[in-house]
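Colleague: Quick note: the sequence shown, position 254, residue 253 per numbering that gives the first Met the number 0, numbers continuous.
I should point out that these hints are in silico values taken from the structure, not numbers from a laboratory. There could be a bad hint or two in this list.
Pairs of lysine-lysine, DSBU-like flavour, derived with a Cα cap of 35 angstroms [to be verified]:
1. 399 with 71
2. 400 with 71
3. 335 with 316
4. 145 with 335
5. 399 with 214
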Amino acid sequence: MVRRERLVAVTTLALLQLFVCAAGAYFLTRGEPGSPRAKPPVAGSPRTSPSAAIVTAGPVLAAAPDGPLPAKGTLASRLSRALGDSALGGSVGAVVVDVAGGGTLYGSRADTGLTPASTTKVATAVAALTSLGPDTRVATRVVQRKPGEIILVGGGDPTLAGPRANLSASYPRFASLAMLASRTAQALKAAGVSSVRLSYDDSLFSGPRTAPGWKPGYVPEGSVAPVTALTIDEGRQDPRGSARYADPPRSATEAFASLLRRGGIKVAKSPGRSGAPAAAREVARVESPPVYELVEHMLTQSDNDLAEGLAHLVAVKEGAPGTFTGVARAVTGTLKRLGVAGGVTVFDGSGLSTRNRITPAALARLIALSASPANPRLHAVISGLPIAGFTGTLGHRYDKKDSKSAAGVVRAKTGTLNGVNTLTGLSRTADGRLVAFAFMADKVSDPDGAVAALDRLAALVSGCGCP
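Using the sequences provided together with the hints, build the complete structure.
Modeller: Here's what the structure looks like:
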């Protein structure tokens, strides 16, 4: 009897294990119902690394019955009074839009183009997710022109981690130059090659490395690196610092050469630029996180370098040159396909350009579009927005008496330049209505006061602010 009971127990456990393994395999290979399929990398050969399809998260804002619309009179009274704060200066625009119905609940200069600063990244994010696709990965490759000659080919991934990066502390997990060098060395040794001449190809992006409207101090002060298709650590000389390489592609290639030497491959000195032939054999590759993770990171951290990389990749994907001129054309064209290009004029992807102009209404439309259940491919825009008082560029805000009750309630992208403070995002009102908003001021003389005023406006929208 004891043996029989033991046999039954063992058999039952075995069957349970088989069921769990089968279910796990199913979901890893198929994903959740409706999840996007994995797509090929943006750059490099169309062959992808064998991997399971990515299972993306569901909507950040779970479907819930919308509450009643806020009373327009009350909302207008509160917002108009708060918009009169002298800290915001004399050029202010505002709008609040009902996400479900699309109607404007409040507007003040809502159709006036103002300097958006980093809220430009919302437009870049929507364009990248639409054009590139949320699950696309960006490849950095090594190809062989002929035996003994290899080329490091930049695919436009500014997050490629250099040898000094701490990958264990990063999310998402970025591609590694050290891993690419290891794979390359292994492939070369397997082919009997122990000495190579190395060059690099950064031709995916071209034209000026800085955008129209960028101030001369942006690169020297470390706000952004020169925009190129081949770089490591977003062009930083030290991954933890702000100083940037003057020539990111050459610096990245020199670091790669050093890693190859450590791996037992002799490399000729002074690598130069060289175009990779289309038929060149691929030796090794590494791939970035999927675009949806890159978008989330870009928005949460307000990452200028990543924004420019994604915008340039959109230009290439849309058939435009990989230049800032191509960025302007491709981003606008992509938004036009979605019906949300009106009121958007951009010269870069990050919002550092002082020439950019976006209306409050346009920003709110982009947020509402991304929050809609009808657009699951755009949901990374919403999941990437900083959370008031908790994450990213809003992590240190919403701690004042008239805004702290909105902490954890408001999700929004910030924008800051000299004389410019902006905020666009969404929230549920006290009655549960989902609304998108944009508040913009581009003639600010009191930046700290303007930030507090913007947070107070968002708190009023959420229904948690002071009357």
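Colleague: With reference to the structure, classify each hint as holding or not holding.
Modeller: Tested hints:
Between residue 399 and residue 71 the alpha-carbon distance is near 26 angstroms, which keeps this suggested pair within the 35 angstroms criterion. Using a Cα cut-off of 35 angstroms, the hinted pair residue 400 and residue 71 holds, with the two alpha carbons roughly 25 angstroms apart. A C-alpha spacing of about 16 angstroms is found between residue 335 and residue 316, which places the hinted pair at or below 35 angstroms, so the restraint holds. Proximity of residue 145 to residue 335 is assessed by CA-CA distance (about 44 angstroms); at most 35 angstroms being required, the pair is judged violated.
Proposed proximity of residue 399 and residue 214 is supported: the alpha carbons are some 33 angstroms apart, at most 35 angstroms.
Violated hint: 4 only; the structure is consistent with all others.
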